[in-house]
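**Q** Following the hints, put chain Y in place on chain B, whose structure we already have.
Protein chains: 2
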Amino acid sequence: MKKGKATIHDIAEKLNITASTVSRALNDNPRISENTKKQVLKMAKQLNYQPNHIASALRSGKSKLIGVLVPTANRNFFSSVVRGIEDIANELDYKVIISQSYEDPEKEIQTVDALLNARVDGIIASIGKNTENFEHFKKILDKGIPLVLFDRITNELEVSQVVIDDYYGAYETTKHLIEQGCKRIVHFTSPKKINIYRERLRGYEDALKDANIPVDPALIEESNMQLEDGRTSMENIITKGIPFDAVFSSSDYAVMGALQVLREHKISVPSQVKLAGFGNEPFTSFTAPPITTVDQKSIPMGRVTAETFFELLKLEDKKSATHKTVLKPELIIRESSLKTN
Amino acid sequence: MKKGKATIHDIAEKLNITASTVSRALNDNPRISENTKKQVLKMAKQLNYQPNHIASALRSGKSKLIGVLVPTANRNFFSSVVRGIEDIANELDYKVIISQSYEDPEKEIQTVDALLNARVDGIIASIGKNTENFEHFKKILDKGIPLVLFDRITNELEVSQVVIDDYYGAYETTKHLIEQGCKRIVHFTSPKKINIYRERLRGYEDALKDANIPVDPALIEESNMQLEDGRTSMENIITKGIPFDAVFSSSDYAVMGALQVLREHKISVPSQVKLAGFGNEPFTSFTAPPITTVDQKSIPMGRVTAETFFELLKLEDKKSATHKTVLKPELIIRESSLKTN
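Chains as they are written, first to last, in full-length UniProt numbering: chain B, 1 to 341; chain Y, 1 to 341.
These are calculated hints, taken from the structure and not from any lab test. Just so you know, these numbers come straight off a predicted model, no measurement behind them. You can trust all of the hints, since none of them are fake.
Same chains, same label: a pair holds when it works inside one copy or across any pair of copies.
Pairs of lysine to aspartate or glutamate, EDC-like flavour, derived with a Cα cap of 20 Å:
#	residue 1	residue 2
1	Lys62	Asp113
2	Lys107	Asp28
3	Lys266	Glu335
4	Lys107	Asp87
5	Lys107	Glu91
6	Lys324	Asp165
7	Lys62	Asp93
8	Lys314	Asp142
The shape of chain B in the complex, shown without the other chains (with noise of 0.2 Å):
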């Protein structure tokens, strides 16, 4: 043991057990048998261990932060994962500090930087719709700092990351509005090459082959799916003069939009066009009538993730061990999509 103040370490090592065990006794964490918390407060006392974060912080180069990058805090998705990042982190006496990168690649990297400045012990993030280049993530793997990917991945990183089956969110989706007697269903989705919006189309095509029900590209409106540019994408379809009798968006948002238009031309929902949006707003169970969404397990994915995070954290080699975590997001049927009499 080293002289001088007591650390979790030296009690682990006096235990035989791991610091995390240790940390987590000490936290009360139900996890822990009361036995070990017994043994772990004896020994605390026995070695006069006195728990100073920011010295302990300062000694071991950790600051017990855990960085996490979001494209906005205020999104109800963003916001639940975050929640439960928050609910795993604080079991363990982390603490999270956020950073928006507002889907600017530019702040992006700057708000990397920033949390590097923190002293974050690690990073957990979801990348920017725009970002194309992911140098600065790269960067955070070079210096060793653990990074966690979720929802908004790439490809091009080597890293471990948690995500929900959008193929089969969408597919499903699909799947009921058929279901509910749809055969023209109009599809929102967005020109980015980003992961979730890509797979989110293969399962609505899908849907629609599995049922003989020809892909037909004049229902499908690209755009940024703001509640803007559902209102347009939906006054484009109807002054066109398409025939549809469903929307399903890949954003809560741009359904809104398509719901305010269709309101606005008397079209009746659910009787004459059928909506399914994604993401599970809550404003989707406000409106009248409620609007069918997929719920994407936000909070879940928030544990899942800070689960992985911690795993990783662990390791001694950050960048040989990489994870990908699959969850099954949930079709939430509400009036918007159900067939009338």
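**A** For chain Y alone, kept in the frame of chain B given last:
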């Protein structure tokens, strides 16, 4: 001039201008004249100045990070304030990191520690609803670290603050409802003693008094004002058979709950009951009918808060100077509160 690498302070000294002007000039800030920019760039070249933020942070103790503490980053109000703070901070080459208290006093204390751990140059905060002890904020001040509060403030701290005129917003909203013919206006408020709800209640009461309408305690419903609370409050009023012709809620979420309950009871909005909220959350414009609400000028509030922060950062004695700014909110009139014929 010191030996070794040149700093912005060296450039400032040579040109007899402030370091902050040098920094702005190097960042191509539009507020700095082209002539000054030219001089700064020339001197930077002459002194072989190399910008290196991490090195400069270590040298000067400045991390160029601002820590922002908010109850939740996913409320439109808080995320927009953060956006306004980032606008100003980025102009000055500062970065923003966010940490959430989730309205939990214990977590708020930890969050302050996390931000201090991240070596932020100062903290901008909005206090959680349930916080009653302010020692963790006093600790920031005692360390001589700049602190600015916005929106959720307390009189127990001598500190710079930026608030909106909640009294004015509530008074104007209530007056508007009276002008639309309402006489029995329900008010949703919080039992918590935080300034914003107290001021809104006062504005509501004064507008009634000024119109010679008695304040009826039976019309005032106290709750946490989430969507579910708004539902419960509305059901309470209806079940008790208390006559009412409008609801003015101190929270948009609660007024949304009221709208749902009124819809379920086939009570028409706005012809039978008029509605108004507070906060201008985006969903208030999505609903049918769209809901009248009060815009809290969140982006300007963020900008003013950041400006107050940077003024404070320049001062030697951070504790002696306090500055209070009050912004006027704006009543946004939508269909939910308008007289029908």
